[in-house]
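**Q** These protein sequence lines map, in sequence, to chains A and B. Using the numbering used here, the first residue of the first sequence is number 1, and each one after it goes up by one. Using the numbering used here, the first residue of the second sequence is number 392, and each one after it goes up by one.
Since the hints were made in silico from the structure, they are not lab data. If you're wondering where the values come from, they're calculated on a predicted model, not measured in any experiment. Please note that the accuracy of each hint is not assured.
Straight-line Cα separation of at most 30 Å, DSSO-like style, residue types lysine-lysine; simulated pairs [to be verified]:
hint	chain 1	residue 1	chain 2	residue 2
1	B	K783	B	K824
2	B	K563	A	K22
3	B	K961	A	K367
4	A	K225	A	K266
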Amino acid sequence: MKKQLVISSLLLLSLLVASCRKDVELLLSEVTVTDPGSSGAGRFAGFYLLNEGNMGSNKATLDYYDFVTGSYQRNIYAEQNPSVPKELGDVGNDIQLYGNRMYAVINASNKIEVMDAHTAKRIGQVDIPNCRYIAFHDGYAYVTSYAGPIEMDPEYTQRGYVARIDTATLQAQERCVVGYQPDGIAISSGKIYVANSGGYMGAGKSANYERTVSVIDLATFEEEKRIEVGCNLHLIKADQRGNLWVTSRGDHRNNPSRLFVIDRQKQSVSDTICLPVNNFQIEGDSLYLFGINEGGTATEKEINFTIIHTGTRAVVNSHFITDGTDRQLETPYGIMVHPETKDIYITDAGDYINPGFLYRFNREGKKQWSIQTGDIPAHFALLPKRRYTKN
Amino acid sequence: MNSSAKITLLILLAAWSAGHRAIYAHCQADSLRQLPEVIVTAKASREIIPAQKLSGEELKELSSLSVADAIRYFSGVQIKDYGGIGGLKTVDIRSMGTNHMGVFYDGIQLGNAQNGQIDLGKFSLDHIESITLYNGQKSEIFQPAKDFGSSGSIYLRTRYPHFKTGQQHHLKGVVRTGSFGLLNPSLLWEQKIATDLAGSFNAEWVHADGKYAYRYKRVHPITKETVYDTTAIRQNGDVDAWRLEAALHGFVPGGNWNLKSYFYTSERGIPGAIVNNVWKRAQRQWDRNFFTQGSFQKTVSSQYDLLISGKYANDHMRYLNPDTTLIYIDNSFTQQEAYLSLVNKYQLRRNWDVSLAADFQWNGLRSNLDGFVQPSRYTYLVAAATAVDFGKVSLLGSLLGTFIHEQTRIEHPATQNNPNRQRLTPSLFVTYKPYAQHDLHFRAFYKHIFRMPTFNDLFYTDIGNLLLEPENTRQYNIGVQYANSFTHGMIRHWDLQADGYWNRVTDKIIAVPKGNGMYRWMMMNVGNVEIKGIDLAASAVSLLHEEWFLNLKLHYTWQQAQDLTRRTNKELEKITYGGQIAYIPWHSGSVVAGLNHRQWHLHYSFIYVGERYRSSANIRENYEQPWYTSDLSLTRSFIREQVNGKLSLEVNNLFSQDYEVVLNYPMPKRNYRITLTVEI
Chain A
1 MKKQLVISSL
11 LLLSLLVASC
21 RKDVELLLSE
31 VTVTDPGSSG
41 AGRFAGFYLL
51 NEGNMGSNKA
61 TLDYYDFVTG
71 SYQRNIYAEQ
81 NPSVPKELGD
91 VGNDIQLYGN
101 RMYAVINASN
111 KIEVMDAHTA
121 KRIGQVDIPN
131 CRYIAFHDGY
141 AYVTSYAGPI
151 EMDPEYTQRG
161 YVARIDTATL
171 QAQERCVVGY
181 QPDGIAISSG
191 KIYVANSGGY
201 MGAGKSANYE
211 RTVSVIDLAT
221 FEEEKRIEVG
231 CNLHLIKADQ
241 RGNLWVTSRG
251 DHRNNPSRLF
261 VIDRQKQSVS
271 DTICLPVNNF
281 QIEGDSLYLF
291 GINEGGTATE
301 KEINFTIIHT
311 GTRAVVNSHF
321 ITDGTDRQLE
331 TPYGIMVHPE
341 TKDIYITDAG
351 DYINPGFLYR
361 FNREGKKQWS
371 IQTGDIPAHF
381 ALLPKRRYTK
391 N
Chain B
392 MNSSAKITLL
402 ILLAAWSAGH
412 RAIYAHCQAD
422 SLRQLPEVIV
432 TAKASREIIP
442 AQKLSGEELK
452 ELSSLSVADA
462 IRYFSGVQIK
472 DYGGIGGLKT
482 VDIRSMGTNH
492 MGVFYDGIQL
502 GNAQNGQIDL
512 GKFSLDHIES
522 ITLYNGQKSE
532 IFQPAKDFGS
542 SGSIYLRTRY
552 PHFKTGQQHH
562 LKGVVRTGSF
572 GLLNPSLLWE
582 QKIATDLAGS
592 FNAEWVHADG
602 KYAYRYKRVH
612 PITKETVYDT
622 TAIRQNGDVD
632 AWRLEAALHG
642 FVPGGNWNLK
652 SYFYTSERGI
662 PGAIVNNVWK
672 RAQRQWDRNF
682 FTQGSFQKTV
692 SSQYDLLISG
702 KYANDHMRYL
712 NPDTTLIYID
722 NSFTQQEAYL
732 SLVNKYQLRR
742 NWDVSLAADF
752 QWNGLRSNLD
762 GFVQPSRYTY
772 LVAAATAVDF
782 GKVSLLGSLL
792 GTFIHEQTRI
802 EHPATQNNPN
812 RQRLTPSLFV
822 TYKPYAQHDL
832 HFRAFYKHIF
842 RMPTFNDLFY
852 TDIGNLLLEP
862 ENTRQYNIGV
872 QYANSFTHGM
882 IRHWDLQADG
892 YWNRVTDKII
902 AVPKGNGMYR
912 WMMMNVGNVE
922 IKGIDLAASA
932 VSLLHEEWFL
942 NLKLHYTWQQ
952 AQDLTRRTNK
962 ELEKITYGGQ
972 IAYIPWHSGS
982 VVAGLNHRQW
992 HLHYSFIYVG
1002 ERYRSSANIR
1012 ENYEQPWYTS
1022 DLSLTRSFIR
1032 EQVNGKLSLE
1042 VNNLFSQDYE
1052 VVLNYPMPKR
1062 NYRITLTVEI
């Protein structure tokens, strides 16, 4: 009996030794070639895709697609910046290129990560609590944040602000207080437009959602006025005429998601597109959008993929994905349209807690390839081939 | 062998061989002086499948502060531990999910209709006399209908008043201190009021700043150079809690009754996830739990037994997020529960019992949360069960009927559609003992049960889904147990057990992204999980040399828990379908060894949790390495006239392993504890 015990203990021990804990290794990037021999013509070298990662998971990751080699490189940040503790961070909410730098807004890590646009090597960071979206103008970055000033008032609820960051020094200099939980930001004709959501306020009572876009004068950096739009505003983008397209998430009750147009001159809403809109991208005069109809159940969603003409505001195409791939998508999330080839890139964020997928469709809406991404693939940034020079 | 050595052996034997009355009785003759009274709380009932049990001295020596720490030593169990003294700790049995575990406190289930989770980290081990874990259910028939209603059950039994001969009262004081700024005094007072009536009062305070060092280190996969190595102190993990309990235990001819009240109040920090650029959180939580419960049981005639029990519970929770950079939240939730149960058992033949149990339960939840619908739930349970003993073969079958009705105080758009739910679920347990003279048992069970969607699943503002159906589990288990005891030789007792099981979880309730806007979720019945597993357990009590006793216990679990959830996007399905579900290791186990010599006791425990993934996508980004910790404790007991005492020193996580049980929730490195116990 004693022998048996000894033998079984030894067996157990050997099992343990065979599967011991080692030093945890940094994850290097993984490369997959999607379309070898793809054309690398045109102005752009490739694009970055920022994966948000579910909140608390610290899994914001950066992927890169190269137009010339047709290769998709997953999770490049840690490899390029191995010494950054806990890597890129928690919830990547926006990414933009400006000059030769790339700015990633990492919402739950309360920072803007500033990297070299061509290498993704870290240059520095700007600490902005609860930062959301970023836009640039004339050497300055403008970032929306939910975390406005604190006042000694028990009934006080916190307003958001726009931070102005000098891209030369990476210092946040001034703040302009706007509405509750400001999200999207766009700059057009000397004005900053900010979509206020009130997302923290309206969960229980629809009336508590924000309904306005804040207009900030670029020169004075002061809020000039509010434009009444709709409840729970989210994204805002300017078209080539300088008019602004704003999405409302709706209140998830009686007011569905919508897309609004703000006329630059009249400074008011001129048109409403009666479609639910989750995300959109403007390319030339075409606005590509998709939206999930809330009436459907979560397993059988109705999703529309529509192109709208930004001049006429008419629906040009109500099914821009033509090969049936749209019916396979679980949670379409990010969108980019290539300015030259008009190829359409759409991500599927799936269940938010597992990897998603990136799809490329040609301009006819036929799927060309698809590839696995990080968790919640969401935000794109195109990388020009040429380095930006002052002249 | 001198007498104290004998006593030590006896206590060990008693503790290590639950269900083996033979040895216990055999040795009892010369040991009455020290052995605790045998408490017969129920007429010897036919519990046909033995449970995993930790009790008495064995439980005390596990270097465990909370019930959750102790449960880690059972087979087939995974603890989700968010780290530290105040951190949430929940139990998952055989990978079916934490909501499927029923936790019973002195015979009556602890409820949490809001989120279905019982935080076992809040239950102190200080006054717990035994922890018993049952797969399926406690396989006896004289129990309330609710006891038939979980996929697995944990029974926590608090100390029953013990008195030495001639003693009218018994006092016990414990002081514990150590790492994490821990200060933990407790006092137990037991009083004999009359020959058939005893009372007890127990108070405990736990205070800890919850600070501990943790470390994140990464090496480069090619060069093996350290790329970063950061050590920080865990913040906002403080806890301050009071627990008060009072109980009365009485006997009546042919029966007994008890009445107890429990009060717990605490304030704690919620340490939160450690992510890039965020090393500290500010969220706080206050809990106030109160319940009073009682039961009465009596053998009315030689054939008829009766058990009546009831409970009222009132739980208040406040959650505060004062972090001005995030959403400001100050929400309060008050849950109430009323419960009444009546159990009848009738002996049809000498070897054939039947029982009928009827329970009623009401749950209500109130909150200041915007848009909260203030739900109530009425649950009616009826269980019919029978047990037959054919000698070599014993059978137990039960059928549980559950009838549920819900209503909300505030108008909800879909309340009209809210269905009344009815379910009929069976279970069957069989044991076969082929030889009268050998302690060899074969056993098997099948059980189908479900868990109700919680109030949060159904009604939580925005994410709740009224149309949710219950989440089902079906369990199939076969097993064998073989034990033997010896009066001479080095090995005095050994016990081997093996079980194989196949479980299916269907209509699993999962949060699914929904509609417009980011981070919008909805609860859906979409998940399917299939679990195959093997649990092995071995234990032995050995007399190594005169006055040197060794006891050893080994547990091993193998589990394959596959996510078989179908998805709309077949490309995404390929990533997750068939994957091992989140945080379930393929291999896990524990070793517990105790060495006794006179007043000295050395105890070693080892836990191993093998590699696993943080989600069903079994990819390198979700890979988590094995972790294993060693805990060591040394105890010296002493007797001075009327005073018994014990001083114990513990070192936990001896090799200071840096690990995480849950992603971004680092666990403590090596830590220490010292405990002084004095009994009069």
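**Q** Next step is simple, just say for each hint if it's right about the structure.
**A** Structure-based check of all given hints:
Of the supplied pair hints, the one linking B/K783 and B/K824 holds, its CA atoms being roughly 5 Å apart against a limit of 30 Å. For the suggested pair B/K563 and A/K22, the alpha carbons sit about 45 Å apart, so the restraint of at most 30 Å is broken. With a C-alpha separation of about 15 Å, the suggested pair B/K961 and A/K367 falls inside the 30 Å cut-off, and the hint holds. Annotation: proposed proximity of A/K225 to A/K266 holds, straight-line Cα distance about 13 Å (limit 30 Å).
When held up to the earlier numbered hints, the structure conflicts with hint 2 and nothing else.
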